Amino acid sequence: MREDSVKDDRQLIFAISGYKNSGKTTMIENLIPILTGYGYKVATIKHDAHDFEPDVPGTDTYRHRKAGALGTAIFSGHRWRIERDAKEKISVKELIKAFPDADVILLEGFKNSGYPKYVCSCPEENADASKIAEVILDVINSK
Numbered sequence: 142m143r144e145d146s147v148k149d150d151r152q153l154i155f156a157i158s159g160y161k162n163s164g165k166t167t168m169i170e171n172l173i174p175i176l177t178g179y180g181y182k183v184a185t186i187k188h189d190a191h192d193f194e195p196d197v198p199g200t201d202t203y204r205h206r207k208a209g210a211l212g213t214a215i216f217s218g219h220r221w222r223i224e225r226d227a228k229e230k231i232s233v234k235e236l237i238k239a240f241p242d243a244d245v246i247l248l249e250g251f252k253n254s255g256y257p258k259y260v261c262s263c264p265e266e267n268a269d270a271s272k273i274a275e276v277i278l279d280v281i282n283s284k
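Take 142 as the starting number for the sequence shown in this note's numbering and just add one per residue.
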């Protein structure tokens, strides 16, 4: 299956793309409750074109990394997080594998990918999230 396939047997992958401050995050924030309201499990993957600080200064795991740890993991009874530097560029397909139980994976960014996408132009001109959700639901229901 191509890396930029719309869906496999279990999941729909859909990107919300656009330039900085175009309303991508807001669109995703609005889509998630619509899709989860229909009973779908939704995960998100955000692309950051710049390096980012994955942890919060002052936390134990942040201190471990600053001390030289290769990576850190933190978990409780209900969630977990692993952070480490990638030895090589990681593909979105690898990140998608982290969410095998998701029905829908919304990608934020990925404007040059082959995934189906909605391109945000600016927050004032973006389509209503319910219209985008209808498109996503139509694709899911066509499986």
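Since the hints were derived computationally from the structure, they do not count as laboratory data.
There could be a bad hint or two in this list.
30 angstroms max Cα-Cα, derived BS3-like pairs, lysine-lysine [said to hold, decoys possible]:
hint, residue 1, residue 2
1, K234, K258
2, K187, K252
3, K187, K234
4, K187, K161
5, K182, K272
6, K230, K272
7, K207, K228
8, K207, K258
9, K230, K252
10, K272, K234
11, K182, K207
12, K252, K272
13, K258, K182
14, K161, K252
15, K228, K272
16, K161, K182
17, K207, K272
18, K207, K187
Given the structure is predicted, the values throughout are model-derived calculations rather than measurements.
Here is what the structure says about each hint:
no.	hint	in the structure
1	K234 with K258	holds (16 angstroms)
2	K187 with K252	holds (11 angstroms)
3	K187 with K234	holds (13 angstroms)
4	K187 with K161	holds (13 angstroms)
5	K182 with K272	holds (19 angstroms)
6	K230 with K272	violated (34 angstroms)
7	K207 with K228	holds (18 angstroms)
8	K207 with K258	violated (37 angstroms)
9	K230 with K252	holds (17 angstroms)
10	K272 with K234	holds (27 angstroms)
11	K182 with K207	violated (35 angstroms)
12	K252 with K272	holds (20 angstroms)
13	K258 with K182	holds (19 angstroms)
14	K161 with K252	holds (12 angstroms)
15	K228 with K272	violated (40 angstroms)
16	K161 with K182	holds (27 angstroms)
17	K207 with K272	violated (45 angstroms)
18	K207 with K187	holds (24 angstroms)
Violated hints for the displayed structure, listed by number in ascending order: 6, 8, 11, 15, 17.
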